[in-house]
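Trainee: Using the hints, position chains L and W against chain E.
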Amino acid sequence: MAKEMRTEKLQAWYGSLHILKGIDMVIEKNSITAIIGPSGCGKSTFVRCLNRMHEVVDGTKVEGKVWFEGQDVYDQQIDPVDIRRKIGMVFQKPNPFPTMSIYDNVAAGLKLNGIRNKKILNEAVERSLRMAALWDEVKDRLNYSGMSLSGGQQQRLCIARALAIQPEIILMDEPASALDPISTSHIEDLVVELKNEVTIVIVTHNMQQAARIADTTAFFLNGNLVEHDKTDKMFMSPCDKRTEDYLTGRFG
Amino acid sequence: MTDIILKSNLGRRKFVNRLMLGIVILLTALAIIPLICIVGYIIYKGLPAINWDFFTKLPVPVGESGGGIGNSIIGTLILVAIASVVGIPIGILSAVYLSEYKPAGAFSSCVRFVVDVMLGIPSIVLGIFAYLTFVKPFGHFSAISGGLALALLMIPIVGRSTEEILKLVPNTIREGAYALGVPKWKTILRIVLPYATKGIVTGVMLGVARVAGETAPLLLTAFGNHFWSKNINEPIASLPAQIFEYAKSPFDDWIQKAWGAALVLIVLVLTLNVIARVITRGRFKNAS
Amino acid sequence: MNYRGLAKEIELKIHSDRPARKWPVEAFFKWGTFAFAFLIIVLLIWMIIAIAIQSQLSLEKFGFQFLTSTDWDPVKGLFGALPFIYGTIVSSIVAIAVAAPISIGVALFLTEMAPKWLRTPIGFLIELLAAIPSILFGLLGLFVFVPFVREWIQKPIGKILGWFPLFSGAPIGLGMLSAGLLLAIMIIPIITALARDIIGNVPNIQKEGALALGATRWEMIWKVVLPYARSGILGAVILGLGRALGETMAVTMVIGNRAEIKASLFAPSHSMAAVIANEFTEATGDLYLSSLIEVGLILFLVTFLLNALARFLIWSVAKGPKGGIRA
Chain E
1 MAKEMRTEKL QAWYGSLHIL KGIDMVIEKN SITAIIGPSG CGKSTFVRCL
51 NRMHEVVDGT KVEGKVWFEG QDVYDQQIDP VDIRRKIGMV FQKPNPFPTM
101 SIYDNVAAGL KLNGIRNKKI LNEAVERSLR MAALWDEVKD RLNYSGMSLS
151 GGQQQRLCIA RALAIQPEII LMDEPASALD PISTSHIEDL VVELKNEVTI
201 VIVTHNMQQA ARIADTTAFF LNGNLVEHDK TDKMFMSPCD KRTEDYLTGR
251 FG
Chain L
1 MTDIILKSNL GRRKFVNRLM LGIVILLTAL AIIPLICIVG YIIYKGLPAI
51 NWDFFTKLPV PVGESGGGIG NSIIGTLILV AIASVVGIPI GILSAVYLSE
101 YKPAGAFSSC VRFVVDVMLG IPSIVLGIFA YLTFVKPFGH FSAISGGLAL
151 ALLMIPIVGR STEEILKLVP NTIREGAYAL GVPKWKTILR IVLPYATKGI
201 VTGVMLGVAR VAGETAPLLL TAFGNHFWSK NINEPIASLP AQIFEYAKSP
251 FDDWIQKAWG AALVLIVLVL TLNVIARVIT RGRFKNAS
Chain W
1 MNYRGLAKEI ELKIHSDRPA RKWPVEAFFK WGTFAFAFLI IVLLIWMIIA
51 IAIQSQLSLE KFGFQFLTST DWDPVKGLFG ALPFIYGTIV SSIVAIAVAA
101 PISIGVALFL TEMAPKWLRT PIGFLIELLA AIPSILFGLL GLFVFVPFVR
151 EWIQKPIGKI LGWFPLFSGA PIGLGMLSAG LLLAIMIIPI ITALARDIIG
201 NVPNIQKEGA LALGATRWEM IWKVVLPYAR SGILGAVILG LGRALGETMA
251 VTMVIGNRAE IKASLFAPSH SMAAVIANEF TEATGDLYLS SLIEVGLILF
301 LVTFLLNALA RFLIWSVAKG PKGGIRA
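Residue numbers (our numbering), protein chains in the order written: chain E, 1 to 252; chain L, 1 to 288; chain W, 1 to 327.
Simulated from the structure, these hints should not be mistaken for lab results.
Glycine included, C-beta positions come from ideal geometry on N, C-alpha and C.
Hints should not be assumed to be uniformly reliable.
[Unchecked claim] Here are the simulated BS3-like cross-link-like pairs (lysine-lysine), alpha carbons at most 30 Å apart as the crow flies: (1) Lys-93(E) with Lys-61(E); (2) Lys-195(E) with Lys-65(E); (3) Lys-167(L) with Lys-93(E); (4) Lys-76(W) with Lys-61(W); (5) Lys-195(E) with Lys-3(E); (6) Lys-119(E) with Lys-184(L); (7) Lys-139(E) with Lys-186(L); (8) Lys-30(W) with Lys-65(E); (9) Lys-102(L) with Lys-21(E); (10) Lys-61(E) with Lys-136(L); (11) Lys-223(W) with Lys-14(L); (12) Lys-136(L) with Lys-61(W); (13) Lys-3(E) with Lys-86(E); (14) Lys-184(L) with Lys-111(E); (15) Lys-61(E) with Lys-9(E); (16) Lys-118(E) with Lys-184(L); (17) Lys-86(E) with Lys-102(L); (18) Lys-184(L) with Lys-86(E); (19) Lys-14(L) with Lys-116(W); (20) Lys-155(W) with Lys-248(L); (21) Lys-93(E) with Lys-186(L); (22) Lys-186(L) with Lys-118(E); (23) Lys-186(L) with Lys-119(E); (24) Lys-21(E) with Lys-9(E); (25) Lys-195(E) with Lys-29(E); (26) Lys-184(L) with Lys-9(E).
[Stated by the list, open to error] Cβ-to-Cβ under 7 Å is the rule here; a few derived chain E residues that face chain L: (27) Val-56; (28) Gln-77; (29) Val-81; (30) Arg-84; (31) Met-89; (32) Phe-97; (33) Gly-109; (34) Asn-122.
Chain E on its own, in the form it takes in the complex (with noise of 0.2 Å):
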């Protein structure tokens, strides 16, 4: 499989608090990579240092390189605002923008980005609804506010919002945490429909849900990078005995 990224020696700081000890890992292309691993244990720094929205906090500092398009991430000739608008992200919390209507919603990175002309705006947003697996439910009440969905319906806004743009990755952070089962599963359902257009990086705290949609699982802990591998195989038969233990939930 293609390579999409790459991280070298990777680390983070909040504070004075260290949380990634240089992580090296590769992210491929047009694949679901799954990241678990315990509370606090770097995994949501991990993706948020990908597309330089670790340092809009702050008291943080990065080092290391992340290496995308043939390109360090952190290169000083780089504008994070360009590599976000390639580089996508969803959160834990859906975060729709409060005081625009789902169709602007979904506009928004294109609006805000300079697009003006209605027929690609609107041609965008209803693409990115119906990949969102949304569109059904909300044709009618485009005009609607976002926050008039349901939690399930903005985190699925949320993830058309970040389709929009067109992005080559989307990261996404415990997308499903704050959701009940049934949204929950539209959710995988949505990011293994999605892989075939994007790559993604999904972080995880629930391990069926890890086994169920990804490719490879990276297993974090401590700010380290313990085990990287197809998901069946680190699920089957981890190399690492702290992977076996966190597996079988003898902590964690």
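Mentor: What follows is chains L and W alone, placed relative to chain E:
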């Protein structure tokens, strides 16, 4: 804490509790009665002075009947407009810097401290400063100097309230915008500020209400006149200064007009306040 | 569903690395807003300097004597600010003595004792009271409050306690007592609003602890809430004091505007803010004007210090007392 229970007898403790509740209710009544009295009395004394001429005519000299305070009403509107044009952008933009770019750090603490200090400076002192800066060098009183004095009063009110409101904007929606590759400045303009609009408008309206009734600095800057103002580089009348002038006079007709002007002013100020607070009350309904 | 069929415009505007047309908007915006924040600091410093420079003439001529002399005689060119300082301080003390207990009582009622449905409307009314312009307090003070004080407060007190210097003299209404009481009405909403927020910050866990041990509501307030919020409430009172010191219009309309120091609260007096408002535009001669500006400078410095002190006290409560339980 246990000693309370062990040492004292229950009947007396309950009595003290009731007594203090009674006292506190009494004190609350004592605090609210003046509001009702002031509003009621101003309406009672002011209404008879109100008629069409009162809003549209100029003041007349002692002895002549009729006339109005039309120029003061327009004057107050002009002064408030000048103050708003200068004060609101400074207040809001400085708050944007503090909240969005540098929430922590020595410079921001310093700005916050200065804003607090400015909130506490007596308005008459701001008037002296405005006089020294905008009146003395030009040799004459002017509407513009009055407006700038009021702007000095408005900046900290608007700045402080805007910063408080921006702090309430959830970080998740800022991150949502960053993750779409929206630059920070655009995120502020198109996502953060629209979210906070109602709260900012509330702060602005409270600031406007505050300066609309302000008198002391105007005595040293806008001074007052009895004509329709045509030039903001000349003295200008205002409602509060007109009230002051009439109230000091020994003429019943003028005092009557002072009450009328007071009624106009209090309606203006309280309306702004009520609207502002109603807006804020609804804020969390559509955005939770 | 052709995701990769990117419309040309999206490709161009969103994903090209477009180094050519990059305006430094981000930096412009950041430093633009910074400039406004910086401007506020500049304004304050400029204000201090301007007022200090213009006080120079009077400062040099009278020096420290300005604060201790009671002569205020524009004709002879003698300026001493003591009567104004005295009037400002005494009227403010009267105001605080009356306003502080009432405000704290109201704040307690609003946070701890009133039924929930009553809290918002009463808080609303108190906030409206704070919004009434001071000129209107002055107007009512002059025509309603002064006669009221004369008939219902000064006359009865004068009859009983007239032998006591503080309450001696003719009950004329205009004077220190009226000014102080009117100021009290004006600062009650300010102290109440601040005290309410501070008391509202007392952690529930501490209050519930007391109630769970069987304390009555008042005991809970007395033993838990007030000690916890003490320095913050003091800060609120000091902020109210600062407001009272600088209040101009209402005071000048009821205090009598006479530059004398009398022991009696019934006697007409004067205040720093009032003398500036009354005499500034009529001041003939540079020394006269400079003396008035120096009065303004003193007023500024005093309110500045009080504000700094009050903010510190309130801030220390917001952080919670040392060793206290923090919820």
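Trainee: Looking back at the hints listed earlier, which ones does the structure fail to meet?
Mentor: 10, 28, 34
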